[in-house]
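What follows is the residue order along each chain.
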Amino acid sequence: MDLIQVKDLCFSYSGEKGTLKHISLNVKKGNFVTIVGENGSGKSSLIKCILGLNKGYTGEIIKEEHIGYLPQKTEIQTNFPASIEEVVLSGTISNNPRSIFYKKEDKERAKNTMKKLGIYDIRKKCFADLSGGQQQRVLIARSLCATKSLIVLDEPTNGLDPNIAKQIYELLDKLKKEEDITILMVSHDIDRALNYADKVIELINGEITFDGIPANYKLGGAK
Amino acid sequence: MIQTVIEMMSHVFIQRAILVGVLISLCAALLGVNLVLKRYSMIGDGLSHVGFGVLTIATAFGATSPLYIAIPCVALSAIILLKIGNNGKIKSDSSIALISSSALAIGVAVTSLTTGMNTDVCNFMFGSILAMSQGDVILSVISSIIIIILFIVYYRKLFVVTFDENFAKASGLKANRYTNIIAVLTALIIVIGMRMMGVMLISSIIIFPAISSMRIFKNFKKVVVSSGIISIVSFLIGIYLAYLYNISTGAMIVIVNLVLFILFSIIDKIIHD
Chain B
1 MDLIQVKDLC FSYSGEKGTL KHISLNVKKG NFVTIVGENG SGKSSLIKCI
51 LGLNKGYTGE IIKEEHIGYL PQKTEIQTNF PASIEEVVLS GTISNNPRSI
101 FYKKEDKERA KNTMKKLGIY DIRKKCFADL SGGQQQRVLI ARSLCATKSL
151 IVLDEPTNGL DPNIAKQIYE LLDKLKKEED ITILMVSHDI DRALNYADKV
201 IELINGEITF DGIPANYKLG GAK
Chain C
224 MIQTVIEMMS HVFIQRAILV GVLISLCAAL LGVNLVLKRY SMIGDGLSHV
274 GFGVLTIATA FGATSPLYIA IPCVALSAII LLKIGNNGKI KSDSSIALIS
324 SSALAIGVAV TSLTTGMNTD VCNFMFGSIL AMSQGDVILS VISSIIIIIL
374 FIVYYRKLFV VTFDENFAKA SGLKANRYTN IIAVLTALII VIGMRMMGVM
424 LISSIIIFPA ISSMRIFKNF KKVVVSSGII SIVSFLIGIY LAYLYNISTG
474 AMIVIVNLVL FILFSIIDKI IHD
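Residue numbers (the working numbering), protein chains in the order written: chain B, 1 to 223; chain C, 224 to 496.
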């Protein structure tokens with residue numbers, strides 16, 4: 001079963017780079033899919049089209065309704081006064097969007113997710129005071145509160161040192177295997193991403209130049 | 224001190240001032256947390272200058288209740304400023320500076336052509352909480368209650384949108400709608416707050432409480448609640464001292480806020496070292 005299907009997607013910002021040309025791809029349930037490519041190849045634009053953040057594309061996108069998204073970090077977050085608990089809980093917002101307060105089931109879900117990811121004991125700590133790796137762990141927890149099936153990550157290991165990056169990949173791998181979470185990730189950390197991915201999609205200048213299993217990609221299926 | 228407080232409270236105009244002041248201080252602080260975090264601190268300053276320009280023009284044309292004209296005009300400016308901040312070619316700090324100085328200049332020019340720098344104009348500039356009419360009081364109370372209710376209703380969403388706009392959009396929230404709500408509410412508090420604090424000083428009661436509480440608290444809910452408390456306490460101390468020493472109320476409130484900010488910064492240093 002496909003959780004995401006993209007058919008003949010074309011998109012461009014008004015006169016800027018990041019243009020996407022006739023993109024077609026699919027993401028199967030239970031897969032770990034990595035999109036690789038240089039800066040400006042259109043990786044982030046593609047993700048944003050899939051999530052509905054970019055409007056004005058042509059083509060067709062069929063997707064799961066609830067997607068947990070882990071965007072790139074913003075400057076605002078660097079000294080934002082928010083506890084881990086508040087950040088994770090905010091992931092449940094789309095479950096009961098009309099409610100004024102968080103429901104009991106939302107709080108329960110946030111609590112269980114924090115326990116699963118080993119951040120429950122530090123839940124009162126300030127998000128901005130955490131290390132980069134811990135912050136990503138918190139944001140993964142938040143994305144898991146928004147979905148039961150599919151998370152989309154935009155360069156989650158950017159700026160992390162290799163050991164910590166490895167831990168993030170291992171965590172994602174574990175979520176895939178134990179919780180049946182499908183993962184779509186953008187990365188330019190190609191070597192490591194290939195070790196965990198079931199499928200690699202390579203973008204160059206807004207076009208797909210490779211779509212297949214990592215073993216074939218390593219053999220030089222592209223470039 | 225108790226004697227002075229009892230004497231103070233025997234005046235109807237002070238009772239009014241305290242009712243309105245507490246509500247406005249609370250609202251300004253609540254909105255301030257979002258504005259400071261979104262890096263829109265200067266928007267209060269810009270909007271108050273726009274408010275000044277509109278008020279002088281409205282008064283020059285003989286409008287009987289200029290506040291009702293100022294609110295929609297300032298709200299529109301607020302929406303435009305926040306929009307520019309998101310995707311404009313001119314950076315938001317420059318656009319705020321442009322709009323605010325232009326509006327102030329137009330206001331001053333209109334004033335020179337009409338009444339000149341009389342007490343009314345001075346009251347707009349530096350506030351006159353003790354000279355509020357009953358109409359002003361009713362407008363302020365109703366506006367404040369609306370702001371407080373909307374803030375509570377949208378609290379969850381405002382947090383998500385402020386902390387991570389992209390995540391909010393991906394979760395299906397209309398992030399622009401909440402930015403507009405903040406803009407309109409800010410405009411409302413600026414216009415009604417101008418009577419109390421004056422054009423020159425209003426932005427301080429939006430920024431100071433949030434900045435002070437962020438020195439100590441690292442949790443969004445605590446920051447919101449403590450900002451509200453800091454703002455109300457600063458107002459009450461401010462108006463008391465202003466009454467006691469016959470100083471401008473608006474100025475005194477800002478000075479109390481400044482002292483609290485310094486105090487909180489020192490506490491922060493002691494805690495974190």
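Some hints could be false.
What the hints assert, rightly or not - In silico DSS-like links for lysine-lysine, alpha-carbon gap of 27 Å or less: (1) C:Lys492 x B:Lys115; (2) C:Lys306 x B:Lys124; (3) B:Lys104 x C:Lys445; (4) B:Lys107 x C:Lys445; (5) C:Lys444 x B:Lys107; (6) B:Lys148 x B:Lys116; (7) B:Lys125 x C:Lys261; (8) B:Lys107 x C:Lys306; (9) B:Lys174 x B:Lys21; (10) B:Lys199 x B:Lys174; (11) C:Lys441 x C:Lys392; (12) B:Lys111 x C:Lys445; (13) B:Lys166 x B:Lys103; (14) B:Lys199 x B:Lys218; (15) B:Lys116 x B:Lys7; (16) C:Lys492 x B:Lys107; (17) C:Lys492 x B:Lys103; (18) B:Lys125 x C:Lys306; (19) C:Lys492 x B:Lys55; (20) C:Lys444 x C:Lys492.
By construction, these hints were calculated from the structure, which means they are not laboratory data.
Okay, the hints, checked on the actual structure:
1. For a cut-off of 27 Å, the pair hint linking C:Lys492 to B:Lys115 is broken: about 33 Å separates their Cα positions.
2. Between C:Lys306 and B:Lys124, the direct Cα distance comes to roughly 34 Å. Violation of the 27 Å bound is thereby established for this hinted pair.
3. A hinted pair counts as satisfied when its Cα atoms are at most 27 Å apart, and B:Lys104 with C:Lys445 qualifies at roughly 21 Å.
4. Between the alpha carbons of B:Lys107 and C:Lys445 the distance comes to roughly 18 Å, so the proposed pair stays at or under 27 Å and holds.
5. At most 27 Å may separate the alpha-carbon atoms for a hinted pair to count; C:Lys444 and B:Lys107 meet this at roughly 16 Å.
6. Restraint check for B:Lys148 and B:Lys116: satisfied, since their Cα atoms lie roughly 14 Å apart, inside the 27 Å limit.
7. At roughly 21 Å between alpha-carbon atoms, B:Lys125 and C:Lys261 fall within 27 Å of each other, so this suggested pair holds.
8. Of the pairs offered as hints, the one joining B:Lys107 and C:Lys306 is violated, with about 34 Å between alpha carbons and a cut-off of 27 Å exceeded.
9. Note on B:Lys174 and B:Lys21: the hinted pairing is violated, with a Cα-Cα distance of about 34 Å set against a maximum of 27 Å.
10. Distance hint between B:Lys199 and B:Lys174 is fulfilled; the C-alpha atoms sit about 17 Å from each other, no more than 27 Å.
11. Only pairs whose Cα atoms come within 27 Å are accepted, and C:Lys441 paired with C:Lys392 is accepted, the gap being roughly 25 Å.
12. Only pairs whose Cα atoms come within 27 Å are accepted, and B:Lys111 paired with C:Lys445 is accepted, the gap being roughly 20 Å.
13. Taken as a hint, the B:Lys166 and B:Lys103 pair is broken in the structure, with Cα atoms around 35 Å apart against an allowance of 27 Å.
14. Simply put, B:Lys199 and B:Lys218 have alpha-carbon atoms about 12 Å apart, close enough for the 27 Å limit, and the pair holds.
15. Taking the CA atoms of B:Lys116 and B:Lys7, the gap is near 36 Å; set against the 27 Å cutoff, the hint is violated.
16. Distance hint between C:Lys492 and B:Lys107 is unfulfilled; the C-alpha atoms sit about 34 Å from each other, more than 27 Å.
17. Simply put, C:Lys492 and B:Lys103 have alpha-carbon atoms about 37 Å apart, too far for the 27 Å limit, and the pair is violated.
18. At roughly 33 Å between alpha-carbon atoms, B:Lys125 and C:Lys306 are farther apart than 27 Å, so this suggested pair is violated.
19. For the proposed pair C:Lys492 and B:Lys55, the alpha carbon gap of about 47 Å is over 27 Å, so the pair is violated.
20. Using a Cα cut-off of 27 Å, the hinted pair C:Lys444 and C:Lys492 holds, with the two alpha carbons roughly 22 Å apart.
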